[in-house]
Amino acid sequence: MKKAKDTPSEIYVWDRIVRVCHWGIVAAFITNYFIVEPGRLYHEIAGYIALALIFTRVVWGFYSNKENTHQSNSSNASFSNISLNKQSFSEHIQHLKQKQIPTHHGHNPFGWLMVIAVIALMLGLGISGFMMEEIDAMFGNSTLEWIHGMMADVLYACVLVHIGAVFVVQYVGNIQLVRPMLSGWRKR
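Using my numbering, read the sequence shown as starting at 1 and increasing by one per residue.
Please keep in mind that the hints were generated in silico from the structure rather than gathered at the bench. Fair warning: there could be bad hints in the mix.
[Said to hold, decoys possible] The calculated BS3-like cross-link candidates involving lysine-lysine, where the alpha carbons are at most 25 Å apart (straight line), are:
1) LYS187 / LYS86
2) LYS187 / LYS97
3) LYS97 / LYS86
4) LYS99 / LYS86
[Said to hold, decoys possible] Simulated DEER-style distance windows between Cβ atoms:
5) GLN98 / PHE62: 29 to 35 Å
6) ILE35 / ILE93: 33 to 39 Å
7) VAL154 / SER83: 30 to 36 Å
8) GLU37 / ILE93: 40 to 46 Å
9) ILE35 / VAL154: 18 to 24 Å
10) ILE119 / GLY164: 28 to 34 Å
11) ILE116 / PHE34: 44 to 50 Å
12) VAL154 / LYS99: 40 to 46 Å
Quick caveat, the model's predicted, so the values are computed rather than measured. We put the beta carbon where it would ideally sit given N, CA and C, even for glycine.
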């Protein structure tokens, strides 16, 4: 198994921290949005786990290095790679039109926008949830409950857009996106 990863036919894209945070946040979101009842203990626990994972990912985004080696590849996770200028969007659209996204790429500019949106929404959900459950004066506050619910619904919409975009970009851009988020590795 190790030999396959050392061959030049594969590139290491997502490190373990990014993948654990991603799938942990997915599990926490599914748990809280679809399975457990809001305001209950399991809802709170899943919310705090999601916040811990978000904080871990944010710290890793600032801490991770720009090296691109399979021993320490975290360059795709680094927030220093965020480029949201007109040229970055144009280049990504050109890659899609050419049906060839470079295999060493992590997030495209639209993907980075989604990362920022998810971080902001999860932080907002965590803060509003904490306020409703831990601050007596806020318990039962209908405005805060509405804000919390709206953020959860907007996050759900973002999740749907993200899933759709992953499969469209994977197909149109002729690039593996799902496999690297599972294993870390992408075929060249």
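Exercise for the section: Could you say whether the range 33 to 39 Å given as a hint is met by the Cβ separation of ILE35 and ILE93? Expected result: Hint holds: Cβ distance 38 Å, inside 33 to 39 Å.
Exercise for the section: Below or equal to 25 Å on CA atoms is what counts here, so check LYS187 against LYS86. Expected result: violated (29 Å)
Practice task
Take a quick look at whether LYS97 and LYS86 sit within 25 Å of each other, Cα to Cα.
Solution key: Holds: LYS97 and LYS86 sit about 16 Å apart, inside 25 Å.
Problem - 25 Å Cα cutoff - pair LYS99, LYS86 - result: holds (20 Å)
Handout entry: C-beta pair GLU37, ILE93: status relative to the range 40 to 46 Å that was hinted
Key = Because 43 Å falls inside the window, the suggested range holds.
Exercise for the section: State, for the Cβ atoms of VAL154 and LYS99, whether the hinted interval 40 to 46 Å holds or is violated. Expected result: violated (32 Å)
Exercise for the section: Just tell me: holds or violated, for the beta carbon distance of ILE119 and GLY164 against 28 to 34 Å? Expected result: violated (20 Å)
Problem - Distance restraint evaluation - ILE116, PHE34, Cβ atoms, bounds 44 to 50 Å - result: violated (24 Å)
Exercise for the section: Starting from LYS187, check that the Cα of LYS97 is at most 25 Å away, please. Expected result: holds (21 Å)
Handout entry: Status of the given 30 to 36 Å range, CB of SER83 versus CB of VAL154
Key = Hint violated: Cβ distance 25 Å, outside 30 to 36 Å.
Handout entry: Range hint compliance [Cβ, GLN98 to PHE62, 29 to 35 Å]
Key = This hint holds: roughly 33 Å between Cβ atoms.
Exercise for the section: Return holds or violated for the Cβ distance of ILE35 and VAL154 against the range 18 to 24 Å. Expected result: holds (19 Å)
Checked against the numbered hints given earlier, the structure breaks hints 1, 7, 10, 11 and 12 and satisfies all the rest.
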